[in-house]
Amino acid sequence: MLRLRAAAVIATVTALSATATACGGGTSSGGGSNDSPKTLTYWASNQGPSVEADKKILTPELKKFEKQTGIKVKLEVVPWSDLLNRILAAATSGQGPDVLNIGNTWSSSLQATGALLPWDAEQYGKIGGKDRFAASAVASTGAPGKDPAAVPLYSMGFALYYNKQMFKDAGISKPPATWDELVADGKKISKDGKWALGAEGSNPVENIHQTFVLAKQHGADFFDAKGNPTFTSPGAVAGVKQYVDFMAKDKIIAPGNAEYSQNQSLEDFAKNKTAMVLWQNASTTFKAHGMKDSDWGVAPVPVASGAPGAGKQINSMVAGINIAVFKNTKNLNGATDFVKFMTSTEEQKVLCKAYANIPPVKAALSDPFFSRPEATVLKNTLLTSAAPLPQVPNESQYETSVGTAIKGLFADVAAGRQVTTESVKAALTKAQQQMPKS
Amino acid sequence: MTATTTADRQAPPHDGGGRADSGQARPKRPRLPGRLRRISLPYLLLLPALLLELLVHLVPMVIGIVMSFKELTQFFIRDWGTAPWSGLDNYRVSIDFDAPIGQALLHSFFVTCAFTVLSVGLCWLIGTVAAVYMQENFKGRGLLRAVFLTPYALPVYAAVITWAFMFQRDNGLVNHVLGDQLGLTDGQTFWLIGDNSFVALLTVSVWKGWPFAFLIIMAGLQNIPRELYEAAAIDGAGIWQQIRRITLPSLRPVNQVLVLVLFLWTFNDFNTPYVLFGKSAPEAADLISIHIYQSSFVTWNFGTGSAMSVLLLLFLLLVTAVYLVLTSRGRKPADG
Amino acid sequence: MASTVQAAKAADHRSPTAPPPSFVWSRRIFLTLLTVFVLVPVYVMVSSSLKPLQDVSGAFHWLPSGLTIRPYIDIWSTVPLARYFVNSLIVAGVATVCSVAVAVFAAYAVSRYRFRGKRVFTVTVLSTQMFPGILFLLPLFLIYVNIGNATGIALFGSRGGLILTYLTFSLPFSIWMLIGYFDSVPQSLDEAALVDGCGPLGALFRIIVPAAIPGIVAVAVYAFMTAWGEVLFASVMTNDTTRTLAVGLQGYATQNDVYWNQVMAASLVVSVPVVAGFLLLQRYLVAGLTAGAVK
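Protein chains in written order, with numbering that gives the first Met the number 0: chain A, 0 to 437; chain B, 0 to 335; chain C, 0 to 294.
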């Protein structure tokens, strides 16, 4: 018995001491240094059709950088399924890349961890200053009033993609500019197995992208100025209900879309089953599914009335990718140089053309490539009528709780249950109660 | 753990060929450090396993328990040492069943229990029946055996994504067969959202899980001495009686471990619901592991997630202890 | 096929009298239904892997309208499948060998020796299966990083770290299962070997291990599949050069596109060697050893 107890004590002590060491975590070195000035590790997000395709696009550019500075960049393209967990693990342990890409909606959450280098005026100065970038893109690089955690790299906005032939068959001459028009047009299209609008009802993040804009148009935000959730404000409820009602009341979204979460709505669009989708940068996907570029058109996302603009006339979130420097980097100067290189006007043209994105660097927009119809719509949206998702540390909780609540509402519609203002409000109340207290 | 020390005393009557006990009675063996060797040998044999378990499981588990008493949100993950202690707050939030977080956890717990019982039961049943049917040779047995192990050999992601593909409402095979070909439903059933998602999850879990039970039971059947069957046949026992009287009782030691481990895995299964439903499972199929993942990774609150995990650990420890006490009763004491 | 039939014959334990028709018929029905259940998804995978992308998502039909082998060519360039495959083989293979070796020693100790702390050991090992894996993830990552900082042994991001993790994952069940299999090998056998002058390890490797081959093979298959299919830890602990298949397959699903046909084709391609391995191992699974050994 005694020996047993002794063994147990030893085991516990070992374990606890190991815990203590482990808890020391990633703070071994508080800030960056320049201990290894000749190499950099770069985690790129997957922007192109595949990880391998991304490597082909990026490698020549990195070679260019090496030639200019003598710094060798080790590239890893991290798939989206892994990126956030990898960053989280890196933040926890201090063991990470020097430069990395982040989804711009993660900016504030990651900013709160303190793992990313803040971009104060001096740091921004090293890459040519904040004014080179579109204001909406800079607005989604961290919480307002704090030094940004990242720099905009690629931007993207939402547009209304429509099937020209299906519009013609239904006798519709121009794409809808308001929601009322969209619903009216939609009712003309939605019959005989054809539907007007596509949705990814089971994808919480996509639900957020859509309802954020609709709530804005109803004059509501999902957070107040202090960063507290206001999910149940009348405008937010109305926005969410409007989106779900496209399926429930207006019946212009096929009920099957309630379970979509793998971009099936884009496939349906490419196969002439749905006439419209609200999406970002969808052209390459349509092509992959066998649709010709001439078969679809693009227009701004509708608004309640009037024309897209600021405030209540917002018709897109600011989607995109930011580039950030890991605070623990051993090559601070090199990392800064690399960000400068990636956001240089010339590289922005090269990269955003390759990925069919919109460059957040204003000077790069002059390239004729960004005057194609699709790019023009997206560009104008981004510059004039896009707003960033809430830049609060709890943004990811908001996406999860509200996005999942909307997924549940779609499931209710699919099961034939009624969706009322009360039921929407109840679902959002529950979502709000699950938010951490701040 | 108190039950275990008492069990120690009734350890096997003959061990190591009776040498540890009778060492002094047989002074013939003159190896000098013999006694020490004999005492330390089992520990030496266990040492690698113990070290590995300590490194990869036990220490992280202790860290996890420590985490559960901290307020570990994104503000603190970079330096866990500075995260404030939150006492029992994480636990209080988790088991406050009047508030949404506690309610959701409780709901998820019940869903998981129902799911686990059904899945383990079906996996075990199908695995056993198939193994027993295939104990005796017949034409094509080898091929069939390989076929049956295929679900187990497919990468989890591929297998589950295929099922998700088949469960689609509009284009899926399941609705096509049930609705269009058999006429059992209207072919418009949603399987991946709403209440039916539980059925979908169960189907995938059983499809993926039963070959493992089959494999283990098949191996267990090999250790049943042929003489037992021969003797029974001479006594005039038919094949059904042989199965009931010889096969099933002989499988008991294998089953004891198999069912327990299947239970623990199924209860903690993460990959299946994650691939089938994505990061947010429908309520009817909200398994506890996904729920905890959402409460920690997705929402960056590792303290609450850890507290839920510790509660889960306590529950599973209790179930396991009860299970072991119940199933060990009546087994030969020599089983240790 | 001939070898499996032979091996199967050797394992034919029952009396030579033919089973009654009720048994044969119930067997036929049950096994047929089971085969259908098992094979339908496999069929879906095969047929989807032979379609162009724009056909994969159409309404389901049993017979594909057009076939192409294009996905089987594309899979190698969409993701570095060959490299992932080699990584998986190395990681799963080494983890299996080590795990089985460690488990054999531990199970031998528990099955044949009496010592203090035995129950504590077995129950502790089992209890590690009760904590959800996701909560291990960050602590384990921290431990690996700290070991790396302290000793210079790179555990995170390397195959070594993953091997260590996976071999420990399969260890608890392997130990428990092997204890059961070892217990069913009659003690009289190894006692006799000890009397004949074998050391304890001699008795283990000459008597017990050969007698428990089916169990060891079953455990090895399990250890291999655990390492082969694990997703979560691999996704965080590997980088581009050490990534395993289980994670790598997700590379066919990008932000906007899911290459269903390629996912299916790649899954089938990587599963073929594993299924072939099963076929080879079968004879050991059913080698009728106890019957011979007891005599």
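Note that these hints are calculated values from the structure, not bench results. There's no promise every hint is true.
Taking CB as the label site, the calculated pair distances span [stated by the list, open to error]:
| id | chain 1 | residue 1 | chain 2 | residue 2 | range |
| --- | --- | --- | --- | --- | --- |
| 1 | B | R91 | C | N148 | 32 to 38 Å |
| 2 | B | G237 | C | G92 | 30 to 36 Å |
| 3 | B | G86 | C | P51 | 41 to 47 Å |
| 4 | B | R91 | A | E421 | 26 to 32 Å |
| 5 | A | Q417 | C | R82 | 51 to 57 Å |
| 6 | B | G139 | A | K167 | 54 to 60 Å |
| 7 | C | W75 | A | A303 | 46 to 52 Å |
| 8 | C | I152 | A | K129 | 42 to 48 Å |
| 9 | A | A353 | B | G178 | 40 to 46 Å |
| 10 | C | L66 | A | G226 | 55 to 61 Å |
| 11 | A | K352 | C | V35 | 39 to 45 Å |
| 12 | A | P36 | B | R91 | 36 to 42 Å |
Bear in mind the structure is a predicted one, so any value in this text is a computation, not a measurement. Yeah, the Cβ is synthetic: ideal placement off N, Cα and C, and Gly gets one too.
(request) Hint says 51 to 57 Å; check whether the CB-CB distance for A:Q417 and C:R82 agrees. (result) Holds: the Cβ-Cβ distance is about 53 Å, inside 51 to 57 Å.
(message) Within 42 to 48 Å: is that where the Cβ-Cβ distance between C:I152 and A:K129 falls?
(response) Taking Cβ atoms as reference, C:I152 and A:K129 lie about 44 Å apart, which means the hint holds.
(request) Given the range 30 to 36 Å, decide if the beta-carbon distance of B:G237 to C:G92 lies inside it. (result) Distance hint for B:G237, C:G92 is violated at roughly 45 Å.
(request) Confirm or reject the claim that B:G139 and A:K167 have a C-beta distance inside 54 to 60 Å. (result) With Cβ atoms ~58 Å apart, the hint holds.
(request) Could you tell me whether the CB distance from B:G86 to C:P51 stays inside 41 to 47 Å? (result) violated (60 Å)
(request) Kindly confirm whether 55 to 61 Å is satisfied by the beta carbon distance between C:L66 and A:G226. (result) holds (56 Å)
(message) Taking 36 to 42 Å as the stated bounds, is the beta-carbon spacing between A:P36 and B:R91 within them?
(response) violated (50 Å)
(request) Can you let me know if the beta-carbon spacing of C:W75 and A:A303 is within 46 to 52 Å? (result) holds (50 Å)
(request) Mind checking the hinted window 32 to 38 Å against the Cβ distance between B:R91 and C:N148? (result) Holds - the Cβ-Cβ distance for B:R91 and C:N148, about 36 Å, lies within 32 to 38 Å.
(message) Just to be sure I understand the hint, the distance between the Cβ atoms of B:R91 and A:E421 should be within 26 to 32 Å; is that true here?
(response) holds (30 Å)
(message) The hint says 39 to 45 Å between A:K352 and C:V35; measuring C-beta to C-beta, is that right?
(response) violated (51 Å)
(request) Could you say whether the range 40 to 46 Å given as a hint is met by the Cβ separation of A:A353 and B:G178? (result) holds (45 Å)
When the structure is compared with the earlier hints, violations turn up for hints 2, 3, 11, 12 and for no others.
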